[in-house]
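Asker: Protein chains in written order, with the numbering used here: chain H, 201 to 377; chain G, 19 to 442.
These aren't lab readings, by the way, just hints derived from the structure by calculation. Hints are supplied without guarantee of correctness; some may be wrong.
Calculated lysine-lysine pairs in the DSSO-like style (CA-CA distance at most 27 Å, straight line) [stated by the list, open to error]:
#  : chain 1 : residue 1 : chain 2 : residue 2
1  : H       : K368      : G       : K89
2  : G       : K331      : H       : K362
3  : G       : K264      : H       : K238
4  : G       : K313      : G       : K331
5  : G       : K264      : H       : K205
6  : G       : K264      : G       : K250
7  : H       : K250      : G       : K249
8  : H       : K247      : G       : K250
9  : G       : K89       : H       : K254
10 : H       : K362      : G       : K221
11 : H       : K331      : G       : K250
12 : G       : K249      : H       : K247
13 : H       : K252      : G       : K89
14 : G       : K381      : G       : K264
15 : H       : K331      : G       : K249
16 : G       : K89       : G       : K211
17 : G       : K221      : H       : K354
18 : G       : K221      : G       : K264
19 : H       : K252      : G       : K211
20 : G       : K229      : G       : K218
21 : H       : K354      : G       : K359
22 : G       : K331      : H       : K368
23 : H       : K250      : G       : K250
24 : H       : K377      : H       : K367
25 : H       : K367      : G       : K218
26 : G       : K250      : H       : K362
27 : H       : K331      : H       : K367
Just so you have them, the derived chain G footprint on chain H, three or more residues with Cβ under 8 Å [stated by the list, open to error]:
#  : stretch
28 : 206 to 214
29 : 230 to 238
30 : 243 to 255
Each residue gets a CB set at the ideal place from its N, CA and C atoms; glycine is no exception.
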Amino acid sequence: MSDLKREQQVVDALKSHFGEKLLSIETTFPRRIDCTVKDPDHLEVFKFAKEKWKAWHLIAISSVDTPDGVIAAVYHFDIVPPHGTETAITLNLRVDAPNREKAEITSAVSVIPGAQFFERETHDLMGIYFKGHPQLDRLILPDDFPDNVHPLRKDFLLEIQKEEAAKKAARAARAKK
Amino acid sequence: MAEKKIVKVDAPKTGCVACMPRTMEIPLGPQHPALKEPEHFLLEVEGEVIVNATPRIGYVHRGIEKLAETKTYSQNLTLVERVCGICSHIHSISLVNATETALGLEGFKPPERAEYIRTIVSELERIHSHILWFGVAAHEIGFDTLFMLSWRDRELTMDILEDISGNRVNYAINEVGGTRRDLSEKQIARMNKYMDITIKRLKRYTEICLKEDTIRLRTQGIGVLLPSTAKKLCAVGPTARASGLKIDIRYDDPYNAYAGPLRDIFNVITYDTNDVFSRVVVRLLEIIEACKYVKWLLANLPDGPVFIKPPRKVPEAHVLSRTEAPRGELIHYLWSNNTNKPYRLKITTPTLANILSVAEMLKGDYIADSTITLASIDPCFSCEDRIITIINKDRRKAKVDNLTMDQLRKYSREWHAKNKRWKK
Chain H
201 MSDLKREQQV VDALKSHFGE KLLSIETTFP RRIDCTVKDP DHLEVFKFAK EKWKAWHLIA
261 ISSVDTPDGV IAAVYHFDIV PPHGTETAIT LNLRVDAPNR EKAEITSAVS VIPGAQFFER
321 ETHDLMGIYF KGHPQLDRLI LPDDFPDNVH PLRKDFLLEI QKEEAAKKAA RAARAKK
Chain G
19 MAEKKIVKVD APKTGCVACM PRTMEIPLGP QHPALKEPEH FLLEVEGEVI VNATPRIGYV
79 HRGIEKLAET KTYSQNLTLV ERVCGICSHI HSISLVNATE TALGLEGFKP PERAEYIRTI
139 VSELERIHSH ILWFGVAAHE IGFDTLFMLS WRDRELTMDI LEDISGNRVN YAINEVGGTR
199 RDLSEKQIAR MNKYMDITIK RLKRYTEICL KEDTIRLRTQ GIGVLLPSTA KKLCAVGPTA
259 RASGLKIDIR YDDPYNAYAG PLRDIFNVIT YDTNDVFSRV VVRLLEIIEA CKYVKWLLAN
319 LPDGPVFIKP PRKVPEAHVL SRTEAPRGEL IHYLWSNNTN KPYRLKITTP TLANILSVAE
379 MLKGDYIADS TITLASIDPC FSCEDRIITI INKDRRKAKV DNLTMDQLRK YSREWHAKNK
439 RWKK
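The following block holds chain H by itself, in its conformation from the complex:
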């Protein structure tokens, strides 16, 4: 299991089909493949996996405000579905948004209808605008929540984080004295 042979086969298949469209691809852990693509190419990957491995299961969509200040969506997708006694292989497909202010990514609903709620949640909390989503309304935050404030971004600070930052600043000032 741990020799990553099956994972390598999937990586090779993706590499030969997409070539330079894959910005990066690697397998660190068994049964996991981490991959990065540009904006509309993730739909192509889903279509390719659907045809080649009969994949159907989108597990979830995560969103990360990376240390470099990039807003990224990560699609977790069962690229090789479980078959008989064989285990599934999961693809973590990262798509970066072009910029922070207008973070736009093409919606995957046209290929996978089950992505609807995951994308709405991500839109609500991380502020990624999914182009072509049928109904991109509020899902989780209250209706009277201010627009353009997204709690999971790193520039949104909780009371606790503000206190910590103030304490740190005070400590630094004291050390200077």
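Got chain H; can you put chain G on it based on the hints?
Answerer: For chain G alone, kept in the frame of chain H given last:
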């Protein structure tokens, strides 16, 4: 006289019958008869039949994902157990697995006995969660005797959990690097005894469910979710398995003790009638299977320590941890950054994945069946909603801090005296 009055009332305000909309909208929730947790469904009905259902969630958001970024891994275990009151242990397993996978890059490996104990507790949790659901479903269809009986049997599992962890709800048995408690011979003997009783009782309930008309007539043919639709909408857990899809993370992406020899005797339960009845049968059979796994794990429990001290800092990695919660697939996606706090922790729970399927199931059913259909996916909205920060200033003003019950009553009386004829 009477005629004149009618003429007066019938002004053309309401319009003629032909102009009236064919469908009506009925709001179901946030507080409603099916569940003890708040969520809202807007049902569009034509007569008695539901044509469309629009879900709205987010009433129990608490800010756990954001808060997790400010706590250490060890503190986070306490935090994520509070995501849900029923499936609390599986959340901590998910986080612990993610952390230990990242630590594995530096060669750290948790002891085997600890992994077995974690798996035992998670199976016990599945048993009590499924029996709880079974009771609720019986209550939903008006079979209250079964509700009482099944909850009586659930107490056996709850007693075991209290015995081995000290708590009935949040077991707090996990720690990064192992478990906090070990199992004694006496506890193992008691668990074996109780599991035998549970298997016996559950076999009886399964028999009742398969033969008894009261349950069959009320659950067969409603809330249908076809396998093709389930695939399209990415359904997970017992909901997907009741539609004939053979997916179970314990088998498809094994973790902890499931990756060992238990995999050979593992049995993925599916049933193919696609309706609420199918979900009842799948859950009942799963409880019996879970009891068998607990017995197998107890018989094959390896010796050794239950805790190894882990390094304090977690190396940089992006880890996706998949586990099978009682309600379906649960994922924790962890970005660690070489400190003792996570950079980002994303939790996705099974109910969020299944909520689209419910909206689909409700279409074409009668309003009267909506409660059992809703309950049939075993929704857990506390799991699903995790984030809220009060920003609205008016709301902060209305926040009542440190008020006693009497003061609160006085406040409410005064408020209503001031705002007479108040209507929402």
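Asker: Now tell me, hint by hint, if it's right for this structure.
Answerer: Each hint tested on the structure:
1. K368(H) / K89(G): Holds. K368(H) to K89(G) sits at ~16 Å (cutoff 27 Å).
2. K331(G) / K362(H): Between K331(G) and K362(H) the Cα gap is close to 23 Å, so the pair holds against 27 Å.
3. K264(G) / K238(H): violated, 33 Å
4. K313(G) / K331(G): Judged against 27 Å, a Cα distance of about 37 Å means the pair is violated.
5. K264(G) / K205(H): Since the Cα atoms of K264(G) and K205(H) sit roughly 24 Å apart, the hinted pair holds (cutoff 27 Å).
6. K264(G) / K250(G): At roughly 15 Å apart (the allowed maximum being 27 Å), K250(G) and K264(G) satisfy the hint.
7. K250(H) / K249(G): holds, 12 Å
8. K247(H) / K250(G): Cα-Cα ~13 Å, so holds.
9. K89(G) / K254(H): violated, 41 Å
10. K362(H) / K221(G): violated, 56 Å
11. K331(H) / K250(G): Distance ~20 Å between K331(H) and K250(G) Cα, so the pair holds.
12. K249(G) / K247(H): Status holds; Cα separation ~15 Å.
13. K252(H) / K89(G): violated, 42 Å
14. K381(G) / K264(G): holds, 25 Å
15. K331(H) / K249(G): holds, 23 Å
16. K89(G) / K211(G): Distance of about 40 Å is beyond 27 Å: violated.
17. K221(G) / K354(H): violated, 52 Å
18. K221(G) / K264(G): holds, 23 Å
19. K252(H) / K211(G): violated, 49 Å
20. K229(G) / K218(G): Distance of about 17 Å is within 27 Å: holds.
21. K354(H) / K359(G): Given pair K354(H), K359(G) holds - Cα atoms ~14 Å apart, limit 27 Å.
22. K331(G) / K368(H): Roughly 20 Å separates the two Cα atoms, so the pair holds.
23. K250(H) / K250(G): holds, 12 Å
24. K377(H) / K367(H): holds, 16 Å
25. K367(H) / K218(G): violated, 60 Å
26. K250(G) / K362(H): violated, 43 Å
27. K331(H) / K367(H): violated, 42 Å
28. 206 to 214: n = 0 at 8 Å, threshold three: violated.
29. 230 to 238: holds (count 3)
30. 243 to 255: violated (count 0)
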